[in-house]
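K.L.:
All chains, full assembly: derive it from the sequences and hints.
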Amino acid sequence: MKTRYSPRSYIELWSWLFAALTLFVLLAGAVLLLKDSVLVWKHEGTEILTGKEWFYRSETFGAAAMIYGTLIVAVLALLIAAPLGIGAAICTVEYLPARWRMVIKTMIEMLAGIPSVVYGLLGILILRNWIYQLFEDFEILSGDTLLTAGILLGVMILPTVMTLADDALSGVARAQRIAARGLGLNATDTIFSVSLPQALPGLIAALLLALGRAMGETIAVFLVIGRQDNQWPGELFSLRPLVESGQTLSSKLGGAEINIAYGQPLHWSAMVGLSFLLLLLVVGLTLLGLWIREHSKHTSYDK
Amino acid sequence: MTNREKSHTKNPSKSDSKSRRKRRLIHELMRLFTGFCVLLSCCLLLGIVSFIVIRGLGALSVDFLTGVMAEVGASGGILYQLLGTLLLLLTAAVVVIPLALGCALVQSVFLTREAHRRNITLVLYLLNGVPSIVFGIVGMIVFVQWFGWGKSWLAGGILLGLMILPTVCVTLIERIQAVPKKYIEAARGLGLSRAQTIRSVILPQSIGGLFTGLLLGLARAAGETAPIMFTATIFSGATLPSGVKESPVLSLPYHIFILAQDSYDPATKAKLWGSALVLIFLVFLLSLLALPARLRIHEEANHL
Amino acid sequence: HSCGDAPSQQGQVLKINGSTTVNLAVAEAAEVMRQQTGKTIHVDTQGGSSGGISMLGEGLVHLGMSSKPLTQKDREAFPQCDFHQIHIGDDAVALIVSKDIWQAGVRSITKREMQAIYEGRIKNWQKLGGPDQRIAFFNKEPGRGTWEVFAKWLYGSIDAVPQVSFPEVGGNEETRNKVASTRGALSQLSSSWADSKTVFPLSIENDAGEIIRASAENIASYRYPMSRPLYLLSDGEPQGDVKEFVSFMFSDKGQNLVRKHGYLALADLSK
Amino acid sequence: MSQPLFQIRDLEILQTTGDKKSLLAPLNLEIQKQEVFGVIGPSGAGKSSFLKCLNRLIDLSAGLSVRGDIKFEGQSIYQGSIDADTLRVQIGMLFQQPVIFPKSILANVLFAVKHLALAPKSEWHDIAQRALTQAALWDEVKDRLSQPAQQLSVGQQQRLCLARTLATGCEVLLMDEPTSALDPNSTEAIEQLILELKQTHSIVIVTHNINQAQRVCDRLGFIGLRDGMGTLLAQGTLRELMTQRENVAEIDAYLRTTESIRLDT
Amino acid sequence: MSQPLFQIRDLEILQTTGDKKSLLAPLNLEIQKQEVFGVIGPSGAGKSSFLKCLNRLIDLSAGLSVRGDIKFEGQSIYQGSIDADTLRVQIGMLFQQPVIFPKSILANVLFAVKHLALAPKSEWHDIAQRALTQAALWDEVKDRLSQPAQQLSVGQQQRLCLARTLATGCEVLLMDEPTSALDPNSTEAIEQLILELKQTHSIVIVTHNINQAQRVCDRLGFIGLRDGMGTLLAQGTLRELMTQRENVAEIDAYLRTTESIRLDT
Ligand SMILES: Nc1ncnc2c1ncn2[C@@H]1O[C@H](COP(=O)(O)OP(=O)(O)OP(=O)(O)O)[C@@H](O)[C@H]1O
Ligand SMILES: Nc1ncnc2c1ncn2[C@@H]1O[C@H](COP(=O)(O)OP(=O)(O)OP(=O)(O)O)[C@@H](O)[C@H]1O
Ligand SMILES: [Mg+2]
Ligand SMILES: [Mg+2]
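Protein chains in written order, with this note's numbering: chain A, 1 to 303; chain R, 1001 to 1304; chain G, 2001 to 2271; chain W, 3001 to 3265; chain X, 4001 to 4265.
Hints in this document: simulated from the structure, not taken from any laboratory. Hints are supplied without guarantee of correctness; some may be wrong.
As the list claims (entries may be wrong) - FRET-style restraints, in silico, Cβ to Cβ:
#1 R:S1050 <-> A:R240: 30 to 38 angstroms
#2 W:D3139 <-> X:P4026: 46 to 54 angstroms
#3 X:G4074 <-> W:D3139: 35 to 43 angstroms
#4 W:D3139 <-> X:Q4075: 37 to 45 angstroms
#5 A:L79 <-> W:A3119: 53 to 61 angstroms
Cβ coordinates follow ideal geometry from the N, Cα and C atoms, glycine included.
P.N.:
Have a look at this one:
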């Protein structure tokens, strides 16, 4: 029989209080977004999800192309940042002498401190030209492409992935590694059999945090993605759209259209609806990530 | 090599050396790959930073740091932008630390049901996924309109704090969960209560996560424009705030954001890169300040 | 509250908000005013021109900045506010191309050609007598003053503009950079930014076959068709600090600041 | 003083996950004050789990739950509203595997003293010295008190844990194989300590060493595996246990290999 | 077969951090093939550290470095270009404190077999069963092979680690107090195993139990603390060591408490 729960210390009381506050803030935010976007849900129904066209003046609000762009850019960013960041973390934790670890970690964290607008400028000044030259043979229209945005975002979230992965890996007890080495596994075997499996929850957390940031990032993407509406790809899995301009939910929100929308109830609610969609998207992917994480925890007990 | 009578494989030495060679190869490849990752990451950093340094170093001087902006950024310094950003970051840190500690402890220590824990984790990841621009919009509705604060540094600090909360909190939670159970058992065995165990075992061993998270978060907050441009910062004219209501500050990212898009005067450009350089330097300084503490924690936590 | 209480007493803050285009000149003027009078003047660009209009309408600021004329709609949205438009200078919009197009000899464009490009009927510079090169048209973001000027010239009114999806550009710096580094690029840009070194302004060929360059004289005389006035907005007749500020903008010093940031001062315009 | 220290009634440990079997069959036992009670039995029988029940540390083991009750000094610790934390301060526990906090040696010894604020700071050094001396470790570590404790050898760690528990000044000691990693010399020192502590403390000790049990324990309990469940099969002095050999097969099997015991009590 | 298994020359362990003292004084020793060599000595003398030198696991201890050399089957392991990982496959090690991976029991036993690809998958089950049976654990865990191994009792964990090492099929075994957490019964089983393995394996064993040393070891080395440094003070059969008592005070002190040894070899 459980007795009714009563907190027994200040630290506990205080923790509950702030946790409740956080929850409240998020709920309030979500409710606000939902409330402000009611009009567009009524107007479009599910069309907002599946509609491939967004023309605000004819009141057509379909976000499919933007959702596509958001996902592609985020996936590209992860494809770049995940191997690079986790690889670097593995190197610092498992291969390099301990004193190097903090040096490299601190350096890479510096990358996180470069403001997004500066990343955007770097994107305009350097990256977009590289892409433009690299894919010249594909007759691309300009260097503003989904790929450009993906790469730029990848670099932006790299420090997040790297430093969190580093934390997760260094949290694995040394005795476990030494036990594996004692059995004759080499350093790399040990990584795959001991460190990575045990750090997996932390690694997934790192990727989820990075993914969240990637999807919510506005300014840098805004400057290099081209911001072309209605770029629904002819073939969903072809690579061609990667080297064409596109739009993400957040680059749309960061643009000037929000100024036009302000004061026009339906249009405004459509823009707010986009933020809500972005939120939903992050929820979905997060749930997926957490599910994978739970799943991986269970399987680690089997052989 | 002596013959092994009880070995399991039919032809031990041969198949052994084959698998050994394979593993050796994987080992070398892996070392190469991860080394390359470190190298590439560092090169990226060096490349980007040196790009900014080359363009911005010319602007850097004592006057630049201590002077007030003149000719809309084409001359003078960025004193109040710098102070404003510092103030925002400080506020954000003050806001986020108790919140993050609270959430993390509730999630990983006080909640006993796995389902409840997962809910908190979910909430945190959700918050992390909220685009910064949405923070700005919601913040504007709440602080500027409901509270009637107008633009206020406090609103900006709170929003930035909330924005980086998930990063700080999740990092902390991960570290708390990595604290070996045996330590907790040993402390409880000595008669320490849950709260005392938190203070004496859990926090000391996981506080590094708070540092990492805070640094990452503040680094991000330092460069963010979207959440503060509706709520806390203006382009020019503000100095140090004297109250809460109607007391905006200037800030570096917003300064860069506006001038990068529309400044006509070429002299502004060098100053702009100078501002970016200062911003990076600020973040670097933050990391350096935390370094001794982190190194110490690293040593302590290098448990067996 | 009644809006537009000019901050006349000492210690109160004069607040200005609006268009990023107007911002630079006004912000520098505010600097000078601060030095001269010791007053606190906050300048901000939240929400651009529309932000300037709405925040003035709601009485949150004392002066708005706008790079587009007020519409009847704006006035209706804020009936309690007595909007005054104060014209402080002009800005023109040029159609700019990248170096390769300029060097291939494309120097002018007609309204009809531009419409065809905008509607996607012309996609190659060959149709305009240029090289065999796809047209990389960067559309200025709808909602920006520059785009509205362009749209009004091309289709008469904003509502008549067809709905299209091109890659979009925002700030002037962004536009200039992107056009300069992309072959076959075309975009709209504040004329003063068209430096003829990295990006090149096309002349406009009117229906009569005249080719009109985007030169200062042509803009000043309104022969060049795409230009827009830059405004300060006040609630009622400017008074007190607001009046002082507006007078400064009209003074030689103030007008020089308008020029300094790439726009045409009032004196340059022929009415 | 006639009240027993522990009065264990139908104590049962259940596995709540998986196949929900019982780890420990209902167990009834009384442990007196100021006696050294030894627990012996085969590996995996449930000795450590039983010990953890006595100060409710078993609460922290996921997947296990307890039925029945234990009265500590007459007070029910499972059914009443007793505070488990206070209980654990009174009942010190030594784990089978030494757990060392990643701190200095000194910080480890003073861990509970500091965090429970058991003594003013000025006394800390004396407390540490006394505890380490009692645990026969002082000479080995007195020059390196501020070094990380994890570098100590396993035997040193085991004694450090003992010192840490002694420093709390608890009245009851639960020791789970306190000398398993110690050489004969240190073992003798610890056994000597146990015999001294007996004057003031009550001690429950798990051991695999019958000779040790003979040397230090007043009474013994034998927990054997019967039907896959840990079961208290006999209790009493070692001599009494020996006489049970014929009746209880498990005890016989256990003692088979320990012929050399001389019953010279 | 005349070549010794280990030829240890001036082996020294140095502390590289702090006061840079030496943990182990220069040590010379030969260990033969197919013998059981025992290492005894007081707690903290450096027995475990010495053992770790034999398969170069000491490389992984931060703050320690090794001087001198060890020849394994005639090949220098510190100075040559030998691959430490391959060496460690050949020389299995059992730690003083069992380290269990957070996986199932089966996955723990097969850990090295799987990750080193030592045998085809079809043989895994047999290997696991054989190893667990040898380690006297099979009966206790055969019904719960897929349960998390961390739930095992300490003694069970210790035997699991033994099984894990046996499963690799290594020729040399380094055992650091392999029966410290075991009851007399299991201890006997393990000792029996050691005597069997002797036919095919070479074994170095650290123990605190003189009786055990007497039962299983062919020769012994005594590492004592002299001038605060671990020093090999004597080697030979137990009988030879006993005769050294008069000469070496440390050995005398160590053996003082173990009067009951009967030298009935
Ligand atoms: N990494 C290290 N850095 C510094 N000192 C160490 C390190 N590892 C061990 N020591 C010290 O070396 C000495 C010998 O340790 P070791 O573990 O080899 O002892 P041992 O003979 O195995 O003792 P026990 O019987 O208690 O296990 C101890 O005093 C220990 O504190
Ligand atoms: N949390 C748990 N969940 C499930 N089973 C457990 C748990 N903890 C222990 N067990 C099981 O309970 C049994 C008894 O464990 P315990 O540690 O009490 O044994 P012990 O008598 O102390 O053995 P040893 O002498 O080897 O230390 C073992 O079979 C073990 O696997
Ligand atoms: Mg036990
Ligand atoms: Mg040892």
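K.L.:
Give a verdict on every hint.
P.N.:
Now for the hints, and whether the structure bears them out:
no.	hint	result
1	R:S1050 <-> A:R240: 30 to 38 angstroms	holds (35 angstroms)
2	W:D3139 <-> X:P4026: 46 to 54 angstroms	violated (25 angstroms)
3	X:G4074 <-> W:D3139: 35 to 43 angstroms	holds (42 angstroms)
4	W:D3139 <-> X:Q4075: 37 to 45 angstroms	holds (41 angstroms)
5	A:L79 <-> W:A3119: 53 to 61 angstroms	holds (58 angstroms)
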